[in-house]
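Asker: Here is how the chains run, residue by residue.
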Amino acid sequence: MRLLLAEDEKDLSRALTAVLTHSGYETDAAFDGVEALEFLEKNDYDAIIMDIMMPRMDGIEALTKIRENGDYTPVLLLTAKAEVDDRVTGLDAGADDYLTKPFAIKELLARVKSMTRRNESYSSMKSLRVGSVTLNTEKQEVSSENSISLALKETKLLEFFMLNAEKELSTERIFDHVWKNDEESNRDVVWVYVSFLRSKLQAINADIDIAGEKDGSYTLRVL
Amino acid sequence: MSEESIYGKYKDNLELILKNIVGRINDYTDEEYERSGIKLHEHMIARVKSEDSMREKCDRRGLAQTPDSALHELTDSIGIRIICSFIDDVYENVRLIKSFPNLEVVQEKDYIKHAKPNGYRSYHMIIKVQTPFEDVTGNNPGEYFAEIQLRTIAMDSWASLEHKMKYKKNINNSDLIVSELKRCADELAACDVSMQTIRNLILMDN
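Residue numbers (numbering that gives the first Met the number 0), protein chains in the order written: chain A, 0 to 222; chain B, 0 to 205.
Think of the hints as simulated: they come from the structure by calculation, not from any bench.
It is possible that some hints are incorrect.
Said to hold, decoys possible - In silico lysine to aspartate or glutamate, EDC-like type, Cα no more than 16 Å apart, as pairs:
| no. | chain 1 | residue 1 | chain 2 | residue 2 |
| --- | --- | --- | --- | --- |
| 1 | B | 112 | A | 144 |
| 2 | A | 152 | A | 175 |
| 3 | B | 115 | A | 144 |
| 4 | B | 10 | B | 186 |
| 5 | B | 181 | A | 144 |
| 6 | A | 112 | A | 95 |
| 7 | A | 125 | A | 144 |
| 8 | A | 138 | B | 179 |
| 9 | B | 181 | A | 140 |
| 10 | B | 112 | A | 82 |
| 11 | A | 138 | B | 186 |
Remember, predicted model here, so these are calculated numbers, not experimental data.
Using the sequences plus the hints, can you model the full thing?
Answerer: Here is the structure:
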């Protein structure tokens, strides 16, 4: 699992990164809202931990922009004060949970765990759009000029790509995300399913494609 | 007294021209099979449009039932349908047919890349061939039209099943039926694309 931590207090950031890494999360540290958005443009995360009070761009503004971009990665807000208004504003802006400083590390870990677990059940939105292409996850159908049906894993894979358009996703990362509970598969399946999706995108005259070589990283591009 | 054919004195030519085109398609198909073991088509249907359907079509189009209507105004007196296993084979057939000498493509419609709104997929070509026979406009050697439809087995099975449904467009749930038939077309298209991709992956590994 990969986390983004946005926290401007250097000491706290360092301590949290150490604990999270130790707990098995790959963690990137941003020190303000602008930097957090830059990280999100490049990478995908399973969850974001974000301080509200940060220089350049505060956590609420960054969170609002993240949601405006159609990114529904779970966000845990860290609030300095126990003000009710602060928490309400944060939740309204699209936060999934909040934690008031000072907090116990144990509780932070428990909340991150709960948030990423919850995400699995309702992360799928009904329909996603990138370029001229619409993915209907409920009907397992992708359409542009034509429409075509998708298998379940093709739908999950395309959804992952569309939520992370223009980002480089490694074969490993894709396999872990889409085939995580599938013990019968190995990583070769990623290349095969990327090939299926490429053909299907062509078949509907899509203006997006998936760049990348076998066993390497792949990027969904708008042409 | 027997009624004169709508194709007039050109009737016998149509069968000969049809046979010639089919022969040329079979020739390149045999050559490819010798060379690579690939069967470029699964089967082929070739026919001269029957008297009755040609007369009926003239009526429908508001044309007189004459040889000129049948052979000059309409273009499907000669019809060939080529059914292929894979999508790429459809395009390979199109490429090879276009390379025939004495043949001009008058019209092409790629309903595979641009499926019809109801989900219909197929590749349509209207061709004009030069023949050693006189044609209805008096040219000798003359030119005759033919229509060629190319599609995969899956596309063909959808088209023939959809054709058999003959559902009434004004019944209550017709919207549902239309959208479900389209879903079937999209699912069959998904199989076609997947099978093609699997074939490509196998070819790549060999």
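Asker: Please work out if residue 112 (chain B) and residue 82 (chain A) have their alpha carbons no farther apart than 16 Å.
Answerer: violated, 58 Å
Asker: Holds or violated: are the alpha carbons of residue 112 (chain B) and residue 144 (chain A) at most 16 Å from each other?
Answerer: holds, 9 Å
Asker: Taking only the CA atoms, is the gap from residue 152 (chain A) to residue 175 (chain A) under or equal to 16 Å?
Answerer: holds, 13 Å
Asker: For residue 112 (chain A) and residue 95 (chain A), compute the direct alpha-carbon distance and say whether it is at most 16 Å.
Answerer: Since the Cα atoms of residue 112 (chain A) and residue 95 (chain A) sit roughly 12 Å apart, the hinted pair holds (cutoff 16 Å).
Asker: Has the given pair, residue 10 (chain B) with residue 186 (chain B), been kept, meaning a C-alpha gap of at most 16 Å?
Answerer: Not OK: residue 10 (chain B) and residue 186 (chain B) at ~42 Å, beyond 16 Å, violated.
Asker: Verify the proposed pairing of residue 181 (chain B) with residue 144 (chain A), using a straight-line Cα cut of 16 Å.
Answerer: holds, 14 Å
Asker: With the threshold set at 16 Å, check whether the alpha-carbon distance from residue 115 (chain B) to residue 144 (chain A) stays at or below it.
Answerer: Between residue 115 (chain B) and residue 144 (chain A) the Cα gap is close to 10 Å, so the pair holds against 16 Å.
Asker: Given the hint that residue 181 (chain B) pairs with residue 140 (chain A), does the C-alpha gap stay at or below 16 Å?
Answerer: holds, 12 Å
Asker: Going straight from one Cα to the other, do residue 138 (chain A) and residue 179 (chain B) come out at no more than 16 Å?
Answerer: holds, 12 Å
Asker: Assess, step by step, whether the Cα of residue 125 (chain A) is no farther than 16 Å from the Cα of residue 144 (chain A), and give holds or violated.
Answerer: Violated: residue 125 (chain A) and residue 144 (chain A) sit about 19 Å apart, past 16 Å.
Asker: Hint check: residue 138 (chain A) vs residue 186 (chain B), CA-CA at most 16 Å. Holds or violated?
Answerer: holds, 11 Å
Checked against the numbered hints given earlier, the structure breaks hints 4, 7, 10 and satisfies all the rest.
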